[in-house]
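Novice: Given only the sequences and the hints, what does the whole structure look like? Please build it.
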Amino acid sequence: MSIIILMNTDQGLLCLEKKVYQLWQDMEHLTWYMIKQTTKHLE
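This note's numbering puts the sequence shown at residues -11 to 31.
FYI, nobody ran anything at the bench for these hints, they're computed from the structure. Backbone N, C-alpha and C define an ideal beta-carbon position, used for all residues, glycine too. It is possible that part of the hints are untrue.
Said to hold, decoys possible - If you anchor each label on the Cβ, the simulated ranges turn out as follows:
#, residue 1, residue 2, range
1, 27, -3, 37 to 47 angstroms
2, 1, 21, 23 to 33 angstroms
3, -2, 30, 42 to 52 angstroms
Specialist: Next comes the structure, spelled out in structure tokens:
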């Protein structure tokens, strides 16, 4: 229930957006890291 209440407020939405953005950034960093590792192995 608390999640629904949070999402109904602007602050809750902002918090959710921040979490999603952080997760997206982490995924991007992980992807770049994996690409770098792969190219190292290919050289």
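Novice: Would you mind marking each hint as holding or not holding in the structure?
Specialist: Results of checking the hints against the structure:
1. For residue 27 and residue -3, the Cβ-Cβ distance of about 45 angstroms falls inside the hinted range of 37 to 47 angstroms, so the restraint holds.
2. Distance hint check: the CB atoms of residue 1 and residue 21 are about 30 angstroms apart, consistent with the given range 23 to 33 angstroms.
3. With their beta carbons about 48 angstroms apart, residue -2 and residue 30 fall inside the hinted range of 42 to 52 angstroms.
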